[in-house]
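Peer 1: Sequence:
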Amino acid sequence: MLFRSERRLRESESLRESLANIVENANDAIIGRALDDLRITSWNAAAERMFGYTAAEAIGQSIKMLWLPGEPVYRDPHETTRRLMRGETLPAIEAVRRAKDGHRVYVRTSISPIKNAAGDVIGAANIMHDISEQKNAEAALRESEERFRAAFEQASVGMALRDINPVNPRWLRVNHKMCEMFGY
Numbered sequence: 223m224l225f226r227s228e229r230r231l232r233e234s235e236s237l238r239e240s241l242a243n244i245v246e247n248a249n250d251a252i253i254g255r256a257l258d259d260l261r262i263t264s265w266n267a268a269a270e271r272m273f274g275y276t277a278a279e280a281i282g283q284s285i286k287m288l289w290l291p292g293e294p295v296y297r298d299p300h301e302t303t304r305r306l307m308r309g310e311t312l313p314a315i316e317a318v319r320r321a322k323d324g325h326r327v328y329v330r331t332s333i334s335p336i337k338n339a340a341g342d343v344i345g346a347a348n349i350m351h352d353i354s355e356q357k358n359a360e361a362a363l364r365e366s367e368e369r370f371r372a373a374f375e376q377a378s379v380g381m382a383l384r385d386i387n388p389v390n391p392r393w394l395r396v397n398h399k400m401c402e403m404f405g406y
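Final position of the sequence shown in our numbering is 406; the numbers increase by one with none missing.
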């Protein structure tokens, strides 16, 4: 028969193992780091896929290896550390990070404190969700809209866009050539 303390210990170990499995199998990069020198202390499989560094290459390095010069990290790093030490989770921001091969990775990243069993903050967890596909699609849409706008405005024929309301159609947009043709 197990004593109560032994059962609690086994349950605690089982919970720890379950949490470790969740972190390791997450789709988002979960990177543990020290507060004082920003040294990476843990690196999950999603971080390997996202940034190209193995855990062996990343652990022990500064998380700054992922930063691009001039890219926002989190406001003031000292204020970030103070907030984490108070147990605060920092809200997510969008940022650009650098993978091992140099390509840019667009991420939504948040930082949470890591606490020990006594409740003391002993590190930070950076959780990064890859939003590169979304950002690239937004850029492609902007480029497409700019090309359309330029072709529409610079066309040598009159062009107009009109809404499809059959009762009260409105002109939505006309180009310069159309205005010239009708004297407006």
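Treat the hints as calculated values from the structure; they're not laboratory data.
Be aware that a few hints might be false.
[To be verified] Per label pair, the in silico range of CB-to-CB distance:
(1) A321 / P391: 28 to 36 Å
(2) T276 / N387: 18 to 26 Å
(3) L363 / N387: 56 to 64 Å
(4) R261 / A361: 28 to 36 Å
(5) A314 / A382: 38 to 46 Å
(6) H398 / E367: 12 to 20 Å
(7) A321 / H398: 41 to 49 Å
(8) Q376 / D258: 56 to 64 Å
(9) L394 / A361: 22 to 30 Å
(10) H300 / R384: 34 to 42 Å
(11) L363 / T276: 16 to 24 Å
(12) A242 / Q376: 55 to 63 Å
(13) S227 / H325: 49 to 57 Å
[As the list claims (entries may be wrong)] Calculated cross-link-like contacts (lysine to any residue; reagent style SDA-like; alpha-carbon spacing at most 25 Å):
(14) K286 / T303
(15) K399 / N358
(16) K286 / F225
Remember, predicted model here, so these are calculated numbers, not experimental data.
Each residue gets a CB set at the ideal place from its N, CA and C atoms; glycine is no exception.
Peer 1: With reference to the structure, classify each hint as holding or not holding.
Peer 2: For each hint, the structure was consulted:
1. A321 / P391: 28 to 36 Å: violated (51 Å)
2. T276 / N387: 18 to 26 Å: About 59 Å separates the Cβ atoms of T276 and N387, which means 18 to 26 Å is violated.
3. L363 / N387: 56 to 64 Å: violated (26 Å)
4. R261 / A361: 28 to 36 Å: holds (34 Å)
5. A314 / A382: 38 to 46 Å: holds (43 Å)
6. H398 / E367: 12 to 20 Å: Cβ of H398 to Cβ of E367: about 18 Å, so the range 12 to 20 Å holds.
7. A321 / H398: 41 to 49 Å: Holds: the Cβ-Cβ distance is about 45 Å, inside 41 to 49 Å.
8. Q376 / D258: 56 to 64 Å: holds (57 Å)
9. L394 / A361: 22 to 30 Å: holds (25 Å)
10. H300 / R384: 34 to 42 Å: violated (57 Å)
11. L363 / T276: 16 to 24 Å: Since the Cβ atoms of L363 and T276 sit about 35 Å apart, the hinted range of 16 to 24 Å is violated.
12. A242 / Q376: 55 to 63 Å: holds (59 Å)
13. S227 / H325: 49 to 57 Å: Holds, at about 51 Å.
14. K286 / T303: Distance ~15 Å between K286 and T303 Cα, so the pair holds.
15. K399 / N358: Roughly 34 Å between the alpha carbons, so the hint for K399 and N358 is violated.
16. K286 / F225: violated (47 Å)
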